[in-house]
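One line per chain: the protein sequences are A and B, in this order.
With this note's numbering applied, the first sequence corresponds to residues 1 to 362, in that order.
With this note's numbering applied, the second sequence corresponds to residues 1001 to 1644, in that order.
Read the hints as simulated data drawn from the structure, not as lab findings.
Values in this document were obtained by computation on a predicted structure and should not be read as measured data.
Ideal Cβ placement from N, Cα and C applies to all residues, glycine included.
There's no promise every hint is true.
Unchecked claim - In silico DSSO-like pairs for lysine-lysine, Cα to Cα no more than 30 Å straight-line: (1) Lys121(A) x Lys1013(B); (2) Lys124(A) x Lys1521(B); (3) Lys1366(B) x Lys1521(B); (4) Lys1235(B) x Lys30(A); (5) Lys1440(B) x Lys121(A); (6) Lys1427(B) x Lys1440(B); (7) Lys293(A) x Lys1013(B); (8) Lys293(A) x Lys1554(B).
Claimed, not checked - Which chain B residues stay away from chain A? Per the calculated CB distances, all over 12 Å, these: (9) Ser1299; (10) Leu1342; (11) Lys1435.
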Amino acid sequence: MHWPLVILVLVIAAFGFLMLYSVAEGDFEKWARPQIERFVIGFAFMLIIGFIHIDFWRVCSPFVYFIGIFLLIFVLFFGDYGGGARRWLEFGSFRFQPSEVIKVGLVMFLAIYYDWLQPEKVSKIFWVFIPAMIILLPTALVIPQPDLGTGTLIAITGLTIMFVAGGHYLYFLGGLLLLPGLLGLIFYSRGTSWQLVTDYQFGRIDTFLNPTHDPLGEGYQITQSKIALGSGGLEGKGFMQGSQSQLDFLPQKHTDFIFTTIAEEFGFFGGVGLLLMYSVIIIFCVVSAITNKNKFGSLLTIGLATVFFTYFFINIAAVTGMAPVTGVPLPLISYGGSAMLVVLGTFGLIQSAHIHRLLKRD
Amino acid sequence: MERISFRKDLLNKKLGRRAFVLGATQLVLVGFLIRRMRELQLQESEKYQLLAEENRIDIRILPPKRGIIFDGDGRPLAKNRENYRLRIIKEKAKDPSEVLKNISSLILLRDERKAEILSEIERKKSYIPVTVIENISWNDFVQITVNLPSLPGILPEVVFKRFYLEDNFLAHVIGYVGSISESDLKTISTIDPILQIPDFQIGKVGVEKGLDSFLRGTVGLIRHEVNASGRVIRKLHEDPSSSGRDIHLTINSLLQEFAMYRIEEFSASVVVIDLETGGIPCLASSPSFDPNQFVEGMSQKDWDSLRNSENQPLANRAISGNYPPGSTFKMLVAIAAIEAGLVDPGELVNCSGFYEISDRKFHCWKSSGHGDKNLVEGIQESCDVYFYTLALRVGIDRIVETSKKFGIGMDVSLPLPGVSKGLLPSKSWLKSNYKKQWVKGHTINSGIGQGFLLSTPLQIAIMIARLATGLEVKPNLVKAIDGKPVKNQSKRIIGIKKTTFSIIQKAMFNVVNEKTGTAYKSRVVDKSKILAGKTGTSQIRKISEEERVKGIKKNEELPRGQRDHALFAGYAPFVNPKYAISVVVEHGGGGSKVAAPIARDVLLFALSGAIPALNAYPIDQRNEVRLTLDKIREKIALKKTRRG
């Protein structure tokens, strides 16, 4: 067990409880208590997953991927709307996004694929085509939800595993060159009969490009979020003293926008402190992956670390106005059950890989 | 086997390298986030702190109460009335038509009014409050306040609205207030933050305007911490407003009311000056208007009819009406002549009905002529030929100089907009304005207060006040500010011999009290209230020689616009005078017939403090006078009962 990582997860989560207490204006029952309860369950879940042998997870990998794909197809037809998109599945009182499952499933499936593939075939066209399809399938299922952001993230996550697995640089260079062309095509399709993304998604992009355009509409969130961050200054306004969050100027202050309250109340020190803790998690994972003798475990660790990275990076980039708002929560901190479970589950897998890192196959 | 394991190690090395590159890339991206936070939180922090404060703090302006205007005896003339009103802010209402619908389910709000409000909301910026309804009852106001949570963007407010108690009677003096306009802002040089309040009421006319800086008060501020939905969380700071200052005018509202009723049927004005203080107890101008209409807001139609009315009810004739002073000016010509030693008061001048100079005839009002007259008789009978002779002898320069001493053509400083300077023509004035040489004919016309000469009823009253006292009486309108009496400047003695004044005063006494005097019919028989003065009938048309032969048309035969102005300027009592008066009745006909009786009634009211007793009037006039006075008495009583 990678104990420093466990402790770091606990510290960040505890910080999250504190913030949920603060944004509820001192109401412990409102958000902090249910979040702690979920965390306790998730934490146990993480430990259990961690202690289960990595070979078990290797065997599970294709199943997780295909269950994810099945759920994505299912949600397209039977999902619930939320935030303008059909992306939620509901089981009783438990709501979750299948796109969370597929992120993990994709990483697992690609890890076992490259673990199985002979290293010298990695850059052969046919053996590149297969993982490309593995990545494209969920991406293509997520984008029409519509969820352009998550679709892009899934694609990026898959590509990073292909990269780490040793795919030739030229493939990525080529992909990088294709990207502007694809973006151009998307914008070109706007307003035509074959429009590639929905008006809702274009609206989000517009808001991102010019948040002040409609300060009370979609851009309101981003404008208020920047005010909260900026007014926090170096040291912040103090615990529970953030006027922007305490006076309800921040929408979604307990979920996707909770980072603004952290930065408002604890300032630059608080915000950067959290970023550093997240970064240390990434460093732990990269080190664990490099020292892992088990290829599956290594790729799994690096892939899940990337999933974790995309969570907090996209979230903070959005609230600081650097990226469009895509509805990605701040991992371990934002209020919400399914994201918390998924994140703790990935840490369980990372632990399992770490524990069995010396187990060399072949 | 060896080879394979070697290649495996190489591949693991490659994986490690790639993983390192990926991790490093992610850390660089984190670096971008930190850089962005540095930008927001350290470099631009001040800007965002300001914005956060703007979000958090709602500054509400507390408009001050406007100062109250009283008359000289402490009767309120302009007060503030509570006005419960609702305004709406679009930005906070989100959907104004829905909010208005909710309001109309609580209180009466007509559909047409709703449409008006919505179109006004569209026109204005989203943060500017738009009035929904004014003057609602307390019950309705409470209804709205209780239901405020379901009425986003609605501001229930209690504001104070100006209310004028003497409606028509003091409209010109008090004036009225109105919302500040762009053009107002241009004319006001001092920057008072209060003027930035939208819809702030400032004085537009009258002393409301002239004394606006006293009446206005200073603005207060209240800072509330509010949450995103605008709910007040707590009060942070309050800077109370301070009321404007209360003003006591010199006006006696009872005298003013009497005078206004007395001249109700004319286009006329009455100015009374208190000779001791210079205070103006009466400044009446007829016809008038109701200033409350301006505060409440009137229709375009009402406004047009007020503005375009032939009688010009909006004009304050007493201070801005320019009239030829006519014969009331003759005293000044006489003084100029006596002081210059150019006439012996006993010297007789023959009047044959006209005066001829270089083939031009200047007629006396009495076409048959007055015969031989001395100075006192010249004034008493208002002989024009006598004054043609005198004016030519004295010359225009001396007349101008003397006129200035008595305030003719001079500025009058009163806290009222629109005080006219009149016009005192001189040689240099004619030259610079008409490029003409001054000729004797001009002097002759000036000698009887005609020609270019123009003065306001106020100036004529000032002239009479100075003639009656020999002092440089300066009129004023403000008795006290916030209860503190306004000090009047001590009056200087006019540099004219006492004996000269005695002669002129004797002549003015004779005008009213000698059988041949032009105002003999308007004499007062009460020995303590004896009236003295001078009539004036200023001709405003040219009478042709042909008409003179056929017989001059009487005023009654002329269209109203061509009839003479009737003037009377006088004072009372003759011994130890207390009040000076000037009465100008536009196109009223003869001064002795129309203006002098008005002056007598008003002066008697001023001296007795009530509707004058009949025993002050000559016995043979009492029946007629009673009719006039009773009519006014009835109107005053009616007004009182109407007010409750």
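For each hint, the structure was consulted:
1. Lys121(A) x Lys1013(B): Cα-Cα ~17 Å, so holds.
2. Lys124(A) x Lys1521(B): violated, 131 Å
3. Lys1366(B) x Lys1521(B): holds, 18 Å
4. Lys1235(B) x Lys30(A): Given that 30 Å is the threshold and the Cα spacing comes to 27 Å, the pair holds.
5. Lys1440(B) x Lys121(A): violated, 127 Å
6. Lys1427(B) x Lys1440(B): Distance of about 11 Å is within 30 Å: holds.
7. Lys293(A) x Lys1013(B): Distance ~11 Å between Lys293(A) and Lys1013(B) Cα, so the pair holds.
8. Lys293(A) x Lys1554(B): Cα-Cα ~130 Å, so violated.
9. Ser1299: holds, 37 Å
10. Leu1342: Non-interface label stands for Leu1342(B): nearest chain A Cβ at 84 Å, farther than 12 Å.
11. Lys1435: Non-interface label stands for Lys1435(B): nearest chain A Cβ at 65 Å, farther than 12 Å.
The structure is inconsistent with the numbered hints 2, 5 and 8, although it conforms to all the rest.
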